Amino acid sequence: MNRNTHLSTLFLAMRRLRAPLITLIVIYGISVLGLSIIPGADGQPMSFFHAFYFISYTATTIGFGEIPGTFSEPQRLWVLICIYLAVVGWAYTLGALFSLLQDGTFREAVSAERFGRAVRRLHEPFYLVCGYGETGRRVCRALDQMGLRSVVLETAPQRVGEVDLHNYLADIPVLRADASHPDQLRQAGLGSPHCQGVLALTNDDRANLAVAISARLLAPQIPALCRAESAEVAANMASFGTRHIINPYEKFADYLAQALHAPNAYHLLNWLTGPPGTCVERHRDPPRGKWIVCGYGDFGRVLVDAFDQEDVPVTIIDRDPAEPGEHDRHRRVRGDGTGAAVLERANIDQAAGIVASTGDDMDNLSIVMTARELNPDLFVILRMNHFTNHELFEAFAADATVVPSQIIANECLAVLTTPLLERFLEEMRQRDDAWAGRLLERLTGRFGWMVPSVWSVRLTERDAPALHTRLQRDAPTITLGELLRSPHDRNDPLDAEVLYLCREGSVHVTAPAPTLPVCLGDELLLVGRRSARAALALTLENIHSLAYVLTGAELPGGLIWERIARWRQSGR
Amino acid sequence: MNLEKVIFGFFIVLAATLNFGFFVGDLDNPAHHDIYELFAAIVVNFIATVLKFGDRTQIGAVHLSTSLVADLQLIAAALVWGYGVHIAGVGMSPDITAKVVSLSGGAMLANVVSIVILISETIMQRR
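Protein chains in written order, with my numbering: chain A, 1 to 572; chain B, 1001 to 1127.
One or more hints might be untrue.
Here chain A is said to cover these stretches of chain B; the calculated rule only asks that three of the stretch's residues, wherever they fall, bring their Cβ under 8 Å from a Cβ of chain A [stated by the list, open to error]:
#	region
1	1044–1052
2	1082–1096
Non-contacting residues of chain B with respect to chain A, defined by C-beta distances greater than 10 Å in every case (computed) [claimed, not checked]:
#	residue
3	1003
4	1006
5	1009
6	1013
7	1017
8	1024
9	1026
10	1028
11	1031
12	1035
13	1065
14	1078
15	1113
16	1118
17	1121
Quick list of the computed label-pair ranges, beta carbon to beta carbon [said to hold, decoys possible]:
#	chain 1	residue 1	chain 2	residue 2	range
18	A	19	B	1119	21 to 31 Å
19	A	111	B	1119	33 to 43 Å
20	B	1102	A	44	22 to 32 Å
Simulated from the structure, these hints should not be mistaken for lab results. Note that the structure is predicted; figures quoted are calculated from it, not measured. Each residue gets a CB set at the ideal place from its N, CA and C atoms; glycine is no exception.
Based on the sequences and whatever the hints tell you, model everything.
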């Protein structure tokens, strides 16, 4: 339903009120006419003005009595008729009105109209989130905490109600609608100049594909982040240039492959992208022995591919293993892994690790519990499908738990809020693991194992006005080290470090030295404590803080003091 | 033949004819302008307006707007009349009569536009 159909629903509602309204008009007309004809006590009929006045208060059952004059008997007889006529008229009209307000399609039209108005009134950047499941919820909450707006489209009515229950700091407009319809997306602000990105997070790959296509055609300049669980849909999305396709299983398989061949880089990635406020433990690295994969679905397939790339032997347990055609390097065991017999047939006692990757949470738990009984040293990777079971998964304490909704949410947030992070991680992949190890050693030595704040800063007039003015005014060289000092005491360095610097003309530096001078237009990826982020923002925005940080001189504040200072300087 | 169209056309034309009946005569002579005719014109105009509710075509929208204009003019005429007789107490003086009648003349123009639209719509329909 687009705007026009909503309007026409309102018209339809008006059409349904036609009959009651005409009845009311006729009743009023007859009543007023009668009163203005029938002679009163003085022989003169009432004027139209008085008749309308009298009918107005009688018909609405206010009833003052016989005002403006005492009535004659014929007038009383007529008024008697009028009273009953009016009651019938109003009862009919109000009944029709209330039944209309109860009507489902009408209410939907009204709520859609209200939603559209709320979106059109948004004059700040917002993200369009399609699907308010576990992932959508995580993303909305995180965006809200970062002070960013979101607009939600969701098909399930009870989840639509949930948006209002999860008290967010800002109002989040939400509409019960199918995001795969382009006009619904338009209604939700796709194509609006304030829309910063589209996130297709529904659990239906086809719907996500539809959103990706709409976003590509209707708003090609904004990023679209799309969840895709099957490889075909992901390939389809990629074929028309969707920029960010997030397949949680592939992402995890990537991580796992990285953990197998570059454990330090994997730890660094974990530390940088973990959920804010959590502590990343340096857990044991996945061993390179024989692995068992239980469940050969979408996730299992991707994992086996990842193991193949790392040349790790894999045994597959599945209820219905596909015929061993091109993949006959793997041993296949038929069965469902929850019983000891099947696991023993897969040689669990010689295995180094096991992945429970079926779509059923209870099966997965049952598999790994049996497996640990049989082989306590096993490295366990557990897939969690539903967040409602998270207590059980926490109690089991697997070496790694795969939560698809969390992987997607983290990836979305990283892409949206710190676009440079992705490029840094790409860079890290190119380097050797020892380099990542040294970097990790240094950063965690300085900031601890708590997940740090990771953010990017663009040195432009808009984001760093003070620095911009200063660099333009007297063009001195300012180095990174000079900039990263506390605006409260410049002898203290800020608890932050630059990980990646990106300069115009595709120059980029990974982990730049503090002596590197900054230029206008540079984009920095920083890692550090939360307080350092606010402090740096102050330095970049406030000309006084910047002057203090760079030179140690306290600039005078206020117009008068500035004048006096200038006068003194010129006098000297 | 469509009963809805008959009723629709009936009220639109009736609104215009009643309006015209009130309007004709000397501008400032109250004897030429019957107050009951004004009342009837107002009621019929209201009904015609409600009948135009809910038509989602472009022509329907124009119909509704012309009808609303006529309503507005007629209500203004009734208010002026009520003001002259009951509040100012001068009765139907030539001055007041002229005001009422000229307002109803404006309403009539809107009604004529309505009728023109109705006729052109009918002619355009080749059925």
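Verification of the supplied hints:
1. Judged by the Cβ-Cβ criterion of 8 Å, the region 1044–1052 of chain B is covered by chain A as claimed, because 4 of its residues qualify and three suffice.
2. Only residues whose C-beta sits within less than 8 Å of a C-beta in chain A count toward coverage, and the region 1082–1096 of chain B has 3 of them, enough to reach three; the restraint holds.
3. Every CB of chain A is more than 10 Å from the CB of residue 1003 of chain B (nearest about 14 Å), matching its label as outside the interface.
4. Even its closest Cβ contact with chain A, about 15 Å, leaves residue 1006 of chain B beyond 10 Å, as expected for a residue assigned away from the interface.
5. No Cβ of chain A comes within 10 Å of the Cβ of residue 1009 of chain B; the nearest lies about 16 Å off, and the non-interface call holds.
6. The beta carbon of residue 1013 of chain B is kept farther than 10 Å from every beta carbon of chain A, the shortest such distance being approximately 17 Å.
7. The Cβ of residue 1017 of chain B sits about 17 Å from the closest Cβ of chain A, beyond the 10 Å cut-off, so the non-interface label holds.
8. Annotated as non-interface, residue 1024 of chain B keeps its C-beta farther than 10 Å from every C-beta of chain A; the closest such distance is 20 Å.
9. Once the 10 Å rule is applied to beta carbons, residue 1026 of chain B is consistent with being away from chain A; the minimum gap is 22 Å.
10. With 10 Å as the threshold on Cβ separation, the claim that residue 1028 of chain B sits away from chain A holds: the shortest Cβ distance comes to roughly 20 Å.
11. Distance to chain A confirms residue 1031 of chain B as a non-interface residue, since its nearest Cβ pair spans about 17 Å, more than 10 Å.
12. The claim that residue 1035 of chain B is not at the interface with chain A is violated, since a C-beta of that chain comes within 10 Å of its own (minimum 6 Å).
13. The beta carbon of residue 1065 of chain B sits about 14 Å from the closest Cβ of chain A, which is more than 10 Å, so the claim that it is off the interface holds.
14. At roughly 8 Å, the least C-beta separation between residue 1078 of chain B and chain A is not larger than 10 Å, which violates its mark as non-interface.
15. Its beta-carbon lying about 21 Å from the closest one in chain A, residue 1113 of chain B satisfies the requirement of being farther than 10 Å from that chain.
16. Taking the minimum C-beta to C-beta distance to chain A, about 18 Å, the non-interface status of residue 1118 of chain B holds against the 10 Å cut.
17. No Cβ of chain A approaches the Cβ of residue 1121 of chain B within 10 Å, the least distance being about 18 Å, so the stated non-interface status holds.
18. Taking 21 to 31 Å as the suggested C-beta distance range, the pair residue 19 of chain A and residue 1119 of chain B conforms, at roughly 26 Å.
19. For residue 111 of chain A and residue 1119 of chain B, the Cβ-Cβ distance of about 41 Å falls inside the hinted range of 33 to 43 Å, so the restraint holds.
20. Checked against the given bound of 22 to 32 Å, the beta carbons of residue 1102 of chain B and residue 44 of chain A, roughly 28 Å apart, stay inside it.
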